[in-house]
Amino acid sequence: MVEGYPPEMRKAIKIVEETREERLKKRYRRLSLEEREQLVKKWHPDYRPDTKRALRIGPSKGTIVYNEVADILESWPIVDPEEIDLSKIDYDVNILIIGGGGAAAAAALWSLYEGVDPDSIIVATKLRFGDANTVKAQGGIQAADRPEDSPVRHYLDTIGGGHFANKPELVRALVMDAPFIIKWLEDLGMMFDKTGEGEMIEYSGGGASRRRLHCARDYTGLEIMRVIKDEALNKGVHVLEFSPAIELLTDPDTGAVSGAVLWNLETQEYIVVRSKVTILATGGFGRLHLAGFPTTNHYGATADGLVLAYRVGAALRDMDTAQFHPTGVAYPEAILGELITEKCRSLGAQLVNANGELFIYELEPRDVVASAIIRECAEGRGILTPTGVCGVWLDLPMIDMIRGPGTLKRALPAMYRQFIRHGIDITVDPVLTYPTLHYQNGGIAINVHAQVLNPMDEPIPGLLAAGEITGGVHGRNRLMGNSLLDILVFGRRAGLTAAKLVKEKSNKPKISFKHLKKYTEELRAYNIPRDRKAPVILPDYRGNPDYRGKNPFLKILRISI
Amino acid sequence: MSSQKTVVESSPKGSRTVRIYFMGKAYDVPEGLTIMKALEYIGYRFIRGVGCRGGFCGACAVAYRLPGEYRLRTALACQTTVEDGMYIALLPYSPMEKPKYNIEEMKAEAGYILKIFPEISRCVSCNSCTKACPQELEVMDAIQSILRGDIRKAAELIFDCISCGLCSIRCPAEIRHMYVFQLVRRMTGKYILPRAKHLEKRIEEIKEGKFDAEIEKLMKMPIEELKRLYSERDIEKA
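Taken in order, these protein sequences are the chains called A and B.
Residue 1 is where the first sequence starts when you use our numbering, and the numbers rise one by one after that.
Residue 1001 is where the second sequence starts when you use our numbering, and the numbers rise one by one after that.
Keep in mind that the hints were calculated from the coordinates and are not lab data.
Keep in mind the model is a prediction, meaning the values are calculated, not measured.
Certain hints may be false.
[As the list claims (entries may be wrong)] In silico DMTMM-like links for lysine to aspartate or glutamate, alpha-carbon gap of 25 angstroms or less: (1) 1217/B x 1205/B; (2) 61/A x 320/A; (3) 1098/B x 241/A; (4) 508/A x 193/A; (5) 555/A x 531/A; (6) 41/A x 1225/B; (7) 533/A x 82/A; (8) 41/A x 82/A; (9) 1217/B x 457/A; (10) 183/A x 1109/B; (11) 1100/B x 457/A; (12) 1237/B x 193/A; (13) 235/A x 1105/B; (14) 1237/B x 197/A; (15) 518/A x 253/A; (16) 1220/B x 37/A; (17) 1207/B x 177/A; (18) 41/A x 379/A.
Here chain B stands alone, though its shape is the one from the complex (with noise of 0.2 angstroms):
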């Protein structure tokens, strides 16, 4: 750490500080920053790595580790405050193939999954996928769960997975982890999940025409009744 001597100094007057040092330059920045916006604060104009900037889209993974621990940590840099002595790199792309197949062709069986992926029978349950989830999702249970057969439990289980890519890239067997809960949750929402009965029989009335000259009334109303109506009409409990 003390080779790095290109510190910049740049930081408002007055306001706390932390060092951070990003691909081996380093900078002081204030405190209280995302990973993301200090980075905008050096300098830096993001084309790759950065996305939705609130912690849906997984664009901005990150690597990084803190002074005196020999841990590799993982986080989202738009979710993600800058610490003193953090050493940051950014890892804005997993690089994987995106299988095809049909769905509609399937059945919520683990074999449909296995033989697209085959790569999750290597499992060896070591958790290197969960402790990177910036999500703190329990990946490898989703992946063990989808090899006994619990189609659902792992859909549940991943269901809030952004697709960063950062077990992926962690995972000692190379699944494709993003891709794999990507088929586990549609298999679920198509095959697992009852169906809305009252959604087939609203679409029924629609077809009939039930609501057609109610609407085609209201699109003819003059403003000020139609205000009128908007006025009086009751609202359900919330």
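Just chain A, with the same shape it has in the complex (with noise of 0.2 angstroms):
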């Protein structure tokens, strides 16, 4: 078994200690704009020519993503459409969502509200209901809710977090809709820290200007999701769990979207559900693993959604970024590339470099900060693992000198609890820290409905979205606890439009696989090779050159009987 630090990384730490006291009376400076825009485009993974190029086929063709998510958007579908029977319908909704996290729970959630009948709402998410990143959320949720704050900061913040690319009215609708959205969990029965008058907690984010960041210890998203996943079972929503959506399906007439075809992953059946409305709520592309880093995410990020959506006609946009959490765990190699998240900084612990020295503010955005370590181990002042990670340190014991003794373990049960299993007492021990994929800044176009527009702006009937497979709320860097907050505004606006679509709509749709012709056209047209194939549904890690304790003498024979 693996314990604690070995000798040489013991070594480093002292140079960490020693310079400890000194540097509890100083920070690093702020940058400017221009100077974090230096740093960024220097050392930044978007900014590297090898990781991205332009897209071949389909609405938004041209444009420039990274490789992984091109190599899915340019697939064949994972099953022959001539091989599905549509004519028999194993559920007929009104309402059709797809996803099990925030996003999901949220929109069925308001569109009971709203008065549709529970029954006529179908939940069909990958793995289990809840198993999301949203239960990975630590840090915070964002709301402009104290009197030295107001929702014009928050979204001055945000739009100037987001490099001003971020689409104004969906960042209003963000910040507008906040405070309501944390009254909302505060009467489901959320804990949120408090004290003992009631008053939130609130921390600062990075790229925030006012502390705004509302917490239930560091479980904020498991904390939320369990609430609001609660409530709807207990309001009767139907939840199709192990059933991801593998084709969206069309009315031939009229081009709206009218259904999906579902998989059940263990008897490996489909399932043909038509709905009134779909709502796409599948997270982001973590686990595609973009430019060989690690992932924070969930096993399930693979962006099937994006696929779906892309594949009817929806307009992609900022999906050239994406964000890399500054630091994710570059040791001990068990938890490699999971998050350390940015409220220890919050809180008050530096970053250091092998030399002992502080090398950027804490609390700038999270591609400023990421772009900084990623220079510091480029340039030999990083940390090298046994297993050969570079990384840099993250003086977490300064949070108990800075904030009393015990704030540590009360504030971060989560991070104390994952690295002291593997022999690691941050309240006496710093950590290494290298950038780790963590967000899909961009995504499908939404308007502030959570309608999915095409390239002309133009809502796609029958469909909405919601969440980290959206674009535009974020622009093209996303800020700490904006994500818990982006869920939950917008899985809210998609059910309350899904409510009022279901009241205007009297007739079925018909239901087809009419939007896949021109799309194969298109891979047939460009030669796509025939065992491409996406959604990619679940990553494989047996031999997956990412997964750094591979097996190289794994022999894989695919059969199927």
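Reconstruct the complex from the two isolated chains, following the hints.
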């Protein structure tokens, strides 16, 4: 069993300890916008020439995206439409929600509040209901609700953090709905961190000009998810677990999205669902391991919804940017790439290079901090682990020195647990960190009603989307605490829009694969290899090159019976 | 153990390995891997028994024994490194019905919990639940706190619960802990913790349209001006 730090890393920790007293009095200065831009352009993976290419097919043809994203968008459907019998409909519903995280649960609840019959809603999830990045979000949820703060400030922080590329009306919705969302969660019985008088205990997040992060210890996302999931189940929402969507269905007369084909992962049966409205809440692309990075994301984050939406004509935006969380685990190997929450830096922990020096202000926006860490390692001021991973120190013991003994264990129990399991006590020792793939900044274009847009900015009838699958809310870089907010603000809006559309539509739509005809013609024209198929559904780590415990001796043979 | 001869010789040369036994088969895997990564190394591709891979979702509960020990240990596959001689089984699902209730019609009182989950009164304080908890929570104390009527204490004790279900599998009283604790937390959040008054005030201000004009102005502002405003904004101390 591997326990604690090896001797060579112990030696490097000495330097951190020796400089700690002096550093406690210091902070690195904030960079100007120009300095930030220079740093990011030089070191961030978004700017590496070998990581991306232009899409050759589909509605956003010519758009630059990461290679791994281009691969799945330029892919064949995983099943031959000819083999699926659409005359037998398994579920005929008003609303089909695809996805199992916070956006999906919020959409279900808010359509119920608007009077949609729970028996006419299906939530189809790939893994279990609640298996999503939502439960991994530790840091908190932003909402400008303190007297010193305002939604106007929240707007400015979000737009600035997003490099002014955000869609303004989406940001307005985000910041103005925020306090209502917090109130909704409070009413449902979420246990926020509060003072004895009920005042929310709020922290700073990177790129935010006010303390605005509402938390539930460092289990904020988990607490949100379990509360809204519990409520959705109490209200009688039907959930089909282990049944990911593999293709959308469209009405051949109107082009409207009219349902989906699901795939029962365990029995391998397909399930035909017809719906008046379909909501995509399938999350992002972390498990595609862009540019070969490890990821913080949950097992199912393979951007399936992106593929499905693109095939029915959705426009993409800001898909050439990815968020690399500055502080992923670089040691121990067993939890490589897992998240070390930004809250550590909010609480005062400093980033320190091999020489014991500060090199960046810790609460710059994430792309800036990540770029600075990559620079330190590339220029030889990083620390190498025995397995050849480079990183810089995050000096966690400082937290108790600044905020009093016991703070760290109280505020970051999940973090403490994660490291003590591997023999590292973070109240005593720093941790080694390197950027890790964290978030899909861009995605499919939507309007403020969560309707999916085509390249002409017109809504695709019958199709809504919310959460990480969408683009525009966060521009080219998301701020900490804005994603938990995003999924609930736009999950709610999707639910409200869906309820309205259901009431307007009296006729049942027709279902077909007509939209695939044009798409597959393009695939054929560009000679896309027949074995390249999407959606990905689940990653395969049996010999995956990104997977550091990979087994080169495996000889896997796929046999279909 | 000697009857297990099916050793798979598939480890990278030079790396140190440990021998694990998964569902009766023996495998040599590199040391330092988590149980989850070790099983993928062997050649398994998970559908069940995997979720967040970071210790938050409770999907990957496992039971194992170590050589020479009678004790049945429990853990999360994504958080536990393999040890030499480990006998491992996955427990990806703990069978239990989730009862439906309306939180609006309740109070933070043990009676409401006992009505839905009468089995908690069968707790014999054996502490098997606490020993099984991979989060090292005081599970039994939480159940006993409910029985004493201290809902808030119970909620604080098990706040870090990740609903893996291991406690319920071990419990002789057959308590459905994860659902009991979900109700306990919601009761605490809704009826015991004081409400945030500053939040109510801000909601009133937004309803009155206090910020509409200012946001409208920012939305229409030329980018250069917006950039200037952003750079010059004052920043509150962390």
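Each hint, compared with the structure:
Note on residue 1217/B and residue 1205/B: the hinted pairing holds, with a Cα-Cα distance of about 18 angstroms set against a maximum of 25 angstroms. For a cut-off of 25 angstroms, the pair hint linking residue 61/A to residue 320/A stands: about 13 angstroms separates their Cα positions. Our distance criterion of 25 angstroms between C-alpha atoms is met by residue 1098/B and residue 241/A, whose separation comes to about 15 angstroms. Taken as a hint, the residue 508/A and residue 193/A pair is broken in the structure, with Cα atoms around 47 angstroms apart against an allowance of 25 angstroms.
Between residue 555/A and residue 531/A the CA atoms are separated by roughly 19 angstroms; this keeps the pair inside 25 angstroms, and the hint holds. Restraint check for residue 41/A and residue 1225/B: the C-alpha separation of about 23 angstroms stays at or below 25 angstroms, so the hint holds. Taken as a hint, the residue 533/A and residue 82/A pair is honoured in the structure, with Cα atoms around 16 angstroms apart against an allowance of 25 angstroms. In summary, the hint linking residue 41/A to residue 82/A is not supported, as the alpha carbons are separated by about 47 angstroms, beyond the 25 angstroms threshold.
For a cut-off of 25 angstroms, the pair hint linking residue 1217/B to residue 457/A stands: about 23 angstroms separates their Cα positions. Under the criterion of a C-alpha separation no larger than 25 angstroms, the hint pairing residue 183/A with residue 1109/B is consistent with the structure, at around 23 angstroms. With a C-alpha separation of about 42 angstroms, the suggested pairing of residue 1100/B with residue 457/A is violated against the 25 angstroms cut-off. With a C-alpha separation of about 20 angstroms, the suggested pair residue 1237/B and residue 193/A falls inside the 25 angstroms cut-off, and the hint holds.
For the suggested pair residue 235/A and residue 1105/B, the alpha carbons sit about 14 angstroms apart, so the restraint of at most 25 angstroms is met. A hinted pair counts as satisfied when its Cα atoms are at most 25 angstroms apart, and residue 1237/B with residue 197/A qualifies at roughly 23 angstroms. Among the hinted pairs, residue 518/A with residue 253/A is consistent with the structure: their alpha-carbon atoms are about 15 angstroms apart, no more than 25 angstroms. In summary, the hint linking residue 1220/B to residue 37/A is supported, as the alpha carbons are separated by about 24 angstroms, within the 25 angstroms threshold.
Pair hint residue 1207/B plus residue 177/A holds up; C-alpha atoms about 10 angstroms apart against a cutoff of 25 angstroms. Only pairs whose Cα atoms come within 25 angstroms are accepted, and residue 41/A paired with residue 379/A is accepted, the gap being roughly 16 angstroms.
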